[in-house]
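K.L.:
Residue numbers (our numbering), protein chains in the order written: chain U, 1 to 248; chain G, 1 to 255.
Bear in mind the hints are in silico, worked out from the structure with no lab data behind them. A portion of the hints provided could be inaccurate.
With a straight-line cut-off of 16 Å between C-alpha atoms, the simulated EDC-like cross-links for lysine to aspartate or glutamate are [what the hints assert, rightly or not]:
1) G:Lys23 / U:Glu141
2) G:Lys23 / U:Asp101
3) G:Lys99 / G:Glu13
To give an idea of the chain G side of the interface with chain U (calculated C-beta under 10 Å), a few residues [unchecked claim]:
4) Lys17
5) Asn96
6) Arg194
7) Gln196
8) Leu198
9) Phe199
10) Asn202
11) Tyr205
12) Thr249
13) Leu252
The beta-carbon is built from N, C-alpha and C at its ideal position, and this holds for glycine as well.
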Amino acid sequence: MTALKLENVSVRYKVGDFRNIGLKETVIRKLRGTYRVTEFWADRDVSFTLERGDMLGIIGVNGAGKSTLLKAIAGIMAPSRGTIERRGSVAALLELASGFDPDLSIRQNAYLRGAMLGYTRIFMDERYDEIIDFAGLRDFEELSFKQLSTGMQSRLAFSIACLVQPDILILDEVLSVGDGAFAAKSAAKMREILESGATTILVSHSLDQIRELCNKVLWLHQGRQIDFGGTAPVCDRYQAFLNGEITL
Amino acid sequence: MLQTIQKHRFLLEELVKRDFDRKYKGALLGAAWSVMNPLLTLLIMRVVFGYFFGGAIEHYTIYLFCGTVVFSFFSESASEGLMALVGNAHIFTRVNVPKYLFLLAKNAQTFINFLLTLLVFFLFCALDGVAFSWRFLLLLYPVGMLLLFNLGMGFILSALYVFFRDVQYLWGVVTQLLLYLSAVFYSVDSFPARVQSLFLINPLYLFIRYFRTIVLDGTIPSALFHLLMAFDALAVLALGIWIYKKFDTEFLYYV
Numbered sequence: 001m002t003a004l005k006l007e008n009v010s011v012r013y014k015v016g017d018f019r020n021i022g023l024k025e026t027v028i029r030k031l032r033g034t035y036r037v038t039e040f041w042a043d044r045d046v047s048f049t050l051e052r053g054d055m056l057g058i059i060g061v062n063g064a065g066k067s068t069l070l071k072a073i074a075g076i077m078a079p080s081r082g083t084i085e086r087r088g089s090v091a092a093l094l095e096l097a098s099g100f101d102p103d104l105s106i107r108q109n110a111y112l113r114g115a116m117l118g119y120t121r122i123f124m125d126e127r128y129d130e131i132i133d134f135a136g137l138r139d140f141e142e143l144s145f146k147q148l149s150t151g152m153q154s155r156l157a158f159s160i161a162c163l164v165q166p167d168i169l170i171l172d173e174v175l176s177v178g179d180g181a182f183a184a185k186s187a188a189k190m191r192e193i194l195e196s197g198a199t200t201i202l203v204s205h206s207l208d209q210i211r212e213l214c215n216k217v218l219w220l221h222q223g224r225q226i227d228f229g230g231t232a233p234v235c236d237r238y239q240a241f242l243n244g245e246i247t248l
Numbered sequence: 001m002l003q004t005i006q007k008h009r010f011l012l013e014e015l016v017k018r019d020f021d022r023k024y025k026g027a028l029l030g031a032a033w034s035v036m037n038p039l040l041t042l043l044i045m046r047v048v049f050g051y052f053f054g055g056a057i058e059h060y061t062i063y064l065f066c067g068t069v070v071f072s073f074f075s076e077s078a079s080e081g082l083m084a085l086v087g088n089a090h091i092f093t094r095v096n097v098p099k100y101l102f103l104l105a106k107n108a109q110t111f112i113n114f115l116l117t118l119l120v121f122f123l124f125c126a127l128d129g130v131a132f133s134w135r136f137l138l139l140l141y142p143v144g145m146l147l148l149f150n151l152g153m154g155f156i157l158s159a160l161y162v163f164f165r166d167v168q169y170l171w172g173v174v175t176q177l178l179l180y181l182s183a184v185f186y187s188v189d190s191f192p193a194r195v196q197s198l199f200l201i202n203p204l205y206l207f208i209r210y211f212r213t214i215v216l217d218g219t220i221p222s223a224l225f226h227l228l229m230a231f232d233a234l235a236v237l238a239l240g241i242w243i244y245k246k247f248d249t250e251f252l253y254y255v
């Protein structure tokens with residue numbers, strides 16, 4: 001059964017120094033003709049279909065449009081052209097290690113994050129202790145959030161995020177976090193999620209990881225779809241490209 | 001839309017809580033400030049303006065309170081609403097949630113504050129010997145319309161603030177101006193009839209006058225007056241929703 005279908009998806013992205021400028025500055029720049037917004041296609045004509053349970057790896061050098069494509073699939077950005085059909089619930093774990101609120105307590109941050117990921121209050125009530133224990137924060141529960149180290153914060157982020165049970169899971173390099181013991185624990189937990197049968201999309205710079213986990217691979221280069229297909233042939237071609245044996 | 005809100009109810013509740021905690025964090029009296037604040041404003045205005053206008057206007061404290069209770073609900077909702085998108089950018093750039101949730105959360109919080117202040121308002125009415133009647137129930141109408149109006153202003157301001165960061169300062173000036181133009185502490189009676197009708201352009205004046213008509217005059221505003229209020233509130237709300245729909249996918253680039 002088809003879980004996800006992209007047809008000729010193109011995403012336009014805007015860049016320029018138009019951020020954080022005021023009304024005054026905008027008007028002045030428009031009058032002077034120095035107001036510039038550059039638009040470019042972060043992704044162009046990407047098409048592929050995933051069946052339920054498929055594991056897709058997205059590969060490509062920096063600037064390939066991987067993150068933008070993930071955001072489009074997650075629904076955070078809208079495709080400028082083309083269509084995305086999704087069957088079932090989608091959870092995207094993107095840039096989740098940051099974005100907490102330093103002024104709130106650990107508990108409130110955990111609940112807010114859970115709510116962001118689409119959990120219910122009942123679910124959070126039931127699993128809160130488990131989250132804290134998994135993150136190893138039991139002894140630090142009384143601290144205010146800003147007193148936590150960066151490592152503790154990302155452990156908390158992982159512990160909340162790893163409870164997702166979506167039909168389609170989107171991952172942007174969040175396979176394991178932390179040092180020694182937690183890295184091993186989180187890698188094991190991650191494997192559990194990946195084996196739960198959800199259709200998964202994974203961006204990774206580790207080709208070995210892609211080869212090991214994924215059954216399909218999408219190769220993007222400067223927004224264009226170079227290849228899509230079985231893991232081995234696409235990865236071999238990509239490896240050859242990285243070694244300079246073929247050019248695009 | 002109600003279904004979507006139901007689906008995101010947990011997030012909405014957590015956002016309301018967060019906004020509330022953030023606002024009163026470190027405040028000695030905590031949430032009590034939400035009631036104290038409008039009361040202190042009232043007290044100051046009563047002392048300052050009572051000297052000039054108190055003699056000519058009956059029940060001047062209640063007259064003034066009608067103005068401040070409406071105005072502070074509006075100005076708080078607008079200034080909090082302004083932050084709805086920028087303040088939650090870290091959320092909507094990471095997960096796919098409807099962006100109006102942030103504004104609903106802000107307004108839920110200011111609405112609770114308003115209701116608490118309104119209780120004190122009625123207490124003051126009783127103390128000042130204002131005659132209560134069934135007509136007070138009609139106050140639900142301006143309250144409902146004001147809620148819609150505030151939501152609309154929040155949509156507009158929060159979207160503008162994403163694109164132009166100096167809107168915050170401009171809005172501060174506009175709020176100040178509105179306070180003086182809304183007959184909060186003076187009466188429009190001393191103006192010529194032509195000028196008096198100009199006040200009707202200002203939606204805030206309408207809400208305040210509705211309160212005064214019911215509470216102090218003991219009469220009911222005309223049907224046309226009701227329509228005018230509904231028109232203002234719905235026009236602003238429609239404009240706000242239109243802006244959110246139009247720029248829904250654009251906000252991301254500017255935060």
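K.L.:
All hints are to be evaluated individually against the structure, with a verdict given for each.
P.N.:
Evaluation of the provided hints:
1. G:Lys23 / U:Glu141: violated (23 Å)
2. G:Lys23 / U:Asp101: holds (13 Å)
3. G:Lys99 / G:Glu13: Given that 16 Å is the threshold and the Cα spacing comes to 15 Å, the pair holds.
4. Lys17: Holds, about 7 Å.
5. Asn96: holds (4 Å)
6. Arg194: Result: violated, 34 Å to nearest chain U Cβ.
7. Gln196: violated (33 Å)
8. Leu198: violated (27 Å)
9. Phe199: violated (28 Å)
10. Asn202: violated (23 Å)
11. Tyr205: violated (27 Å)
12. Thr249: holds (4 Å)
13. Leu252: holds (6 Å)
When the structure is compared with the earlier hints, violations turn up for hints 1, 6, 7, 8, 9, 10 and 11 and for no others.
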